[in-house]
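Could you build all of it, start to finish, from the sequences and the hints given here?
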Amino acid sequence: MNIVIVGGGTVGGAICAQLAGENHDITVVDSDFSVLNELSSRCDVFGVAGNGADISVLRKAGAEKADLLIAVTSGDEINILCCAAAKKLGTTHTIARVRNPEYTDLMQLMKGEMNLSLTINPERAVANEVYKMLRSPYATKIDYFCRGRVELAEFTVSADSPMCNITLNELRNKLNMRFLVCAVLRDGVAHIPTGYFSLEEGDVVSVTAPDRDITRFFKAVGIYKHPVKDVVIVGGGRTTYYLEDLLRDSKINSTVIEADESLCDELAKEFDCTVLCDDGTSQDVLLEQGIGNADAFIALSDVDEENAIVSMYAKTQNTKKVITMISSMSYIDLFKGVGLDSIVSPKTSTASIILRYVRSMANVRGSEIESLHKIMDEQIEVLEFTVKEEIEDMTGIPIKELKLREGVLIACIVHDNKITIPSGADIISDGDTVIIVTSVGKIKGLKEILK
Amino acid sequence: MNYRMIGYLLGVILLIEAALLVLPLVVALLYGESIVPYLVTIAVLMCISLLLIILKPSNKRIYAREGFVTVAVSWILMSAFGALPFVIEGTIPNYIDAFFETVSGFTTTGASIMTQIEGNPYGILFWRSFTHWIGGMGVLVFMLAIIPSMGGQTIHLMRAEVPGPTKGKLVPKMRHTALILYGIYIFLTVIQIIALLFCGMSFYDAVVNALATAGTGGFSVLNASIAGYSNPAAEWVIAVFMFLFGINFNLYFFILLKRIRDVVLSEELRVYTLLCALSTLAIVVNTMHLFEKMSDCIRTAFFQVTTIMSTTGFSTVDYNVWPDFSKTLLVILMIVGACAGSTAGGLKISRVIILVKSAFSEIKKVVRPRSVNVVRLDGETLTDETVRKANVHLALYTLLILASVLAISIDGFGLETNLTAVLSCVNNIGPGLGLVGPAGNFAGYSYLSKIILSVNMLFGRLELMPMLILFSPTAWKKR
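Going down the list, the protein sequences come from chains L and R.
In the working numbering, each number is its position in the first sequence, counted from 1, plus 5.
In the working numbering, each number is its position in the second sequence, counted from 1, plus 68.
These are calculated hints, taken from the structure and not from any lab test.
Positions of the beta carbon are idealized from the N, C-alpha and C atoms, including for glycine.
Among the clues, some could well be false.
What the hints assert, rightly or not - Within a straight-line C-alpha distance of at most 30 Å, the following computed DSBU-like cross-link-like pairs (lysine-lysine) qualify:
no., chain 1, residue 1, chain 2, residue 2
1, R, Lys326, L, Lys70
2, L, Lys408, L, Lys179
3, R, Lys326, L, Lys93
4, R, Lys124, L, Lys65
5, L, Lys93, L, Lys137
6, L, Lys234, L, Lys256
7, L, Lys92, L, Lys65
8, R, Lys457, L, Lys92
9, L, Lys137, L, Lys325
10, L, Lys326, L, Lys230
11, R, Lys128, L, Lys379
12, L, Lys408, L, Lys341
13, R, Lys128, L, Lys341
14, L, Lys326, L, Lys234
15, L, Lys65, R, Lys457
16, L, Lys452, L, Lys379
17, L, Lys65, R, Lys326
18, L, Lys92, L, Lys70
19, L, Lys116, L, Lys92
Said to hold, decoys possible - Among the chain R residues that face chain L by a calculated CB cut under 8 Å, a handful are:
no., residue
20, Ala132
21, Ile223
22, His224
23, Lys237
24, Pro240
25, Lys241
26, Met242
27, Thr451
28, Met533
Claimed, not checked - Cβ pair distances, simulated, as ranges:
no., chain 1, residue 1, chain 2, residue 2, range
29, R, Ile323, L, Asn42, 22 to 32 Å
30, L, Phe38, R, Lys432, 16 to 26 Å
31, L, Gly95, R, Ile323, 19 to 29 Å
32, L, Lys93, R, Lys326, 15 to 25 Å
33, R, Ala427, L, Phe38, 36 to 46 Å
34, L, Arg140, R, Asp446, 54 to 64 Å
35, R, Asp446, L, Gly26, 28 to 38 Å
36, L, Glu118, R, Ala87, 33 to 43 Å
37, L, Asp59, R, Leu333, 16 to 26 Å
38, L, Ser79, R, Leu333, 31 to 41 Å
39, L, Asn28, R, Leu333, 42 to 52 Å
40, L, Asp59, R, Ile323, 24 to 34 Å
If you want it as structure tokens, here you go:
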């Protein structure tokens with residue numbers, strides 16, 4: 006695809022490198038010459054110097070024939086303007102990063118007129134990510150399909166787990182419930198397991214099960230954590246604001262510690278949470294709030310170092326789940342190295358949302374795929390299809406009799422709004438939504454999963 | 069320094085050279101000549117390149133440093149192996165002479181040490197002219213065009229090989245840019261071959277002359293160069309194509325995109341055309357008395373101006389006998405050269421424009437110390453870095469010329485000969501004045517001077533930096 010990226014900062018640079026590696030034609034627009042120089046010597050992209058909202062610059066960058074324009078400069082207004090202009094010039098799809106919450110309603114109102122395909126708010130994206138982690142504390146990563154109805158949970162198998170050293174068939178008999186191990190990542194290589202696959206310590210597995218069974222499953226394999234009921238949040242900025250907004254309808258009680266009085270006021274007025282106007286980095290304050298007994302501790306202040314340090318402290322107090330927000334991308338690996346495992350970052354979230362959109366756009370073009378996710382170090386694709394017609398050799402035939410290709414797994418069938426983890430006797434029929442897990446890649450239609 | 073990746077790239081380049089040697093081999097077969105020289109060279113190249121390629125590096129990252137070194141070393145190696153057919157065949161029995169001739173070929177200089185050209189095997193003469201064509205656009209650009217995506221850092225290779233003060237891609241993908249450049253190059257070459265055939269040239273001569281013109285090289289297959297054909301129409305065709313190959317190839321791409329406005333408004337093209345026209349006019353006025361017919365005078369003047377500006381080096385007349393004004397004018401044009409991004413050598417028009425403009429802005433600054441001046445090219449403000457690089461280039465270029473002239477003056481030839489010999493090599497032209505004029509050649513120089521001049525040609529073709537970095541010890545450090 007022809008993609009124009011406006012803004013070559015951290016996020017722009019990250020998606021630029023990824024997409025150029027995925028064989029797209031990328032043009033980067035930035036007003037800083039040295040940024041362009043550095044980017045174009047790092048990846049195979051074309052740089053255009055100038056303001057992204059300048060029509061002549063956009064023309065030069067080829068916006069007239071571009072399939073997609075991604076505006077990720079630091080200015081919301083420039084991003085919005087730039088997308089509107091590009092759309093007018095003939096760009097098919099546009100994505101804008103809009104950070105200011107005051108524009109949120111405006112964007113909803115104007116989405117039609119502006120023709121924006123997607124707007125991303127980095128802080129909101131992070132809040133969503135944190136919320137997902139709180140909802141399923143047992144998994145290290147969660148992906149949702151079928152508009153959130155099917156979930157795919159990722160976790161690491163530990164040595165004392167009943168899953169260890171047992172084939173999947175035996176495990177299924179032992180637990181006596183429906184679940185499906187979709188993919189296993191062992192030593193950096195992703196596998197799609199058969200029933201005879203035996204799990205080992207240290208494998209990262211991706212599991213799906215019907216809603217009511219997933220809790221039972223995690224209980225059975227012994228990694229179940231009670232749902233989070235009580236969280237302590239340090240920092241009361243925008244991310245906290247969005248997170249509280251999400252927590253409003255849940256049963257989670259939250260305590261926010263923020264030193265700035267006006268921020269505290271705002272949060273207290275808007276939400277039903279406990280707000281403490283105090284220094285969140287102080288040990289006494291944290292102990293007083295009993296962080297050791299909280300179900301989760303979330304560090305969302307604006308200062309990365311503070312977040313990291315209070316999170317490390319929370320770990321020493323045996324808090325069950327510690328989530329840390331780190332904005333600077335170069336810090337992330339550093340802090341992962343010292344034991345902070347649940348790290349969220351506005352920049353990585355933004356980049357990954359954009360990448361997911363572009364990938365599904367590129368894959369969906371000329372195919373029947375409804376949505377596409379990449380999991381397990383991006384080695385495995387999870388595809389969603391809707392069956393629109395009777396397919397020869399597939400519909401109406403029990404799954405065990407289907408001649409599936411190697412490396413293809415039918416993970417889930419949604420029939421009449423009912424989610425089924427298929428066993429050999431289930432059938433696919435017209436109108437169903439089917440989720441396919443594959444390591445093959447390049448599958449564009451449902452027919453292609455057959456030999 | 070990623071030595072293994074450099075080795076891998078060099079292996080690929082030598083493999084490409086082996087593949088390119090198949091063409092002269094076919095020519096030799098067609099004319100019933102011995103194909104042993106090519107077979108031996110191909111075999112040697114294959115062995116070495118396969119050895120280098122087998123050690124496929126795990127780390128493929130290269131940076132500016134590796135890019136420069138790869139380009140410089142690959143040009144030296146290509147010339148070193150490209151000289152083998154001449155030696156094996158016996159056309160040029162001495163290896164250093166053959167090396168000089170091959171460097172002269174690849175760098176599109178066209179300076180020759182061969183006194184007798186006619187009567188040599190067709191295959192050898194084809195290879196000699198073909199090296200011009202290969203070197204004109206650059207073999208690394210060729211490699212980028214044919215090898216599917218080598219990752220983002222290949223820009224370093226292109227930056228090091230494509231001449232000009234500002235260089236960039238035409239389209240987002242490196243490979244597509246290289247393909248477009250070679251597409252334009254091949255298209256223009258084919259058009260010229262057809263035009264020369266229409267002028268009554270034989271197919272073989274049309275092909276070799278077109279190859280030499282396209283690379284703006286200047287090796288001819290006749291002792292008297294283009295004058296030997298006594299074909300005014302062919303002279304016009306060659307002169308026009310020399311002019312065309314001296315134009316920035318980006319402009320041809322703009323024509324394809326129908327961005328005619330950008331082409332017409334290109335400052336470099338305007339200056340190039342104007343300079344070419346004015347110089348022709350001046351020489352016509354200055355040499356009118358030497359010709360019987362005005363048409364001959366205009367054609368000859370235009371031919372000499374384009375051959376020198378485009379740094380080709382074909383000749384239709386011995387301008388050694390011209391008045392001093394015309395000779396001096398030609399020497400100045402040697403230094404100026406043609407447009408950046410073309411196959412020509414020299415300082416490049418755009419760099420001269422930048423230098424002149426920055427000089428004027430400095431003068432302004434002296435007069436009004438607090439004035440803020442910017443240097444613009446094609447309406448766009450140039451960064452200080454670009455201006456600085458142009459100045460540094462000029463300084464190094466001058467130093468190189470002075471040092472080389474001093475070094476080769478040991479051979480005892482006159483200043484005119486030595487200076488123009490160096491100028492002609494550094495600017496990749498071919499003939500100079502005096503003993504190395506259109507009627508003479510470089511055979512008289514000692515081996516040491518020939519090596520110095522060969523290095524000069526490489527310096528000129530790769531625009532100083534890659535070669536200079538090769539000699540800088542910091543570049544070779546492991547990290």
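The hints, checked one at a time:
| no. | hint | verdict |
| --- | --- | --- |
| 1 | Lys326/R / Lys70/L | 15 Å, holds |
| 2 | Lys408/L / Lys179/L | 28 Å, holds |
| 3 | Lys326/R / Lys93/L | 22 Å, holds |
| 4 | Lys124/R / Lys65/L | 39 Å, violated |
| 5 | Lys93/L / Lys137/L | 37 Å, violated |
| 6 | Lys234/L / Lys256/L | 7 Å, holds |
| 7 | Lys92/L / Lys65/L | 15 Å, holds |
| 8 | Lys457/R / Lys92/L | 39 Å, violated |
| 9 | Lys137/L / Lys325/L | 16 Å, holds |
| 10 | Lys326/L / Lys230/L | 10 Å, holds |
| 11 | Lys128/R / Lys379/L | 25 Å, holds |
| 12 | Lys408/L / Lys341/L | 43 Å, violated |
| 13 | Lys128/R / Lys341/L | 27 Å, holds |
| 14 | Lys326/L / Lys234/L | 12 Å, holds |
| 15 | Lys65/L / Lys457/R | 26 Å, holds |
| 16 | Lys452/L / Lys379/L | 21 Å, holds |
| 17 | Lys65/L / Lys326/R | 14 Å, holds |
| 18 | Lys92/L / Lys70/L | 10 Å, holds |
| 19 | Lys116/L / Lys92/L | 12 Å, holds |
| 20 | Ala132 | 7 Å, holds |
| 21 | Ile223 | 6 Å, holds |
| 22 | His224 | 7 Å, holds |
| 23 | Lys237 | 5 Å, holds |
| 24 | Pro240 | 4 Å, holds |
| 25 | Lys241 | 6 Å, holds |
| 26 | Met242 | 5 Å, holds |
| 27 | Thr451 | 6 Å, holds |
| 28 | Met533 | 15 Å, violated |
| 29 | Ile323/R / Asn42/L: 22 to 32 Å | 28 Å, holds |
| 30 | Phe38/L / Lys432/R: 16 to 26 Å | 24 Å, holds |
| 31 | Gly95/L / Ile323/R: 19 to 29 Å | 23 Å, holds |
| 32 | Lys93/L / Lys326/R: 15 to 25 Å | 21 Å, holds |
| 33 | Ala427/R / Phe38/L: 36 to 46 Å | 23 Å, violated |
| 34 | Arg140/L / Asp446/R: 54 to 64 Å | 57 Å, holds |
| 35 | Asp446/R / Gly26/L: 28 to 38 Å | 33 Å, holds |
| 36 | Glu118/L / Ala87/R: 33 to 43 Å | 57 Å, violated |
| 37 | Asp59/L / Leu333/R: 16 to 26 Å | 19 Å, holds |
| 38 | Ser79/L / Leu333/R: 31 to 41 Å | 34 Å, holds |
| 39 | Asn28/L / Leu333/R: 42 to 52 Å | 34 Å, violated |
| 40 | Asp59/L / Ile323/R: 24 to 34 Å | 25 Å, holds |
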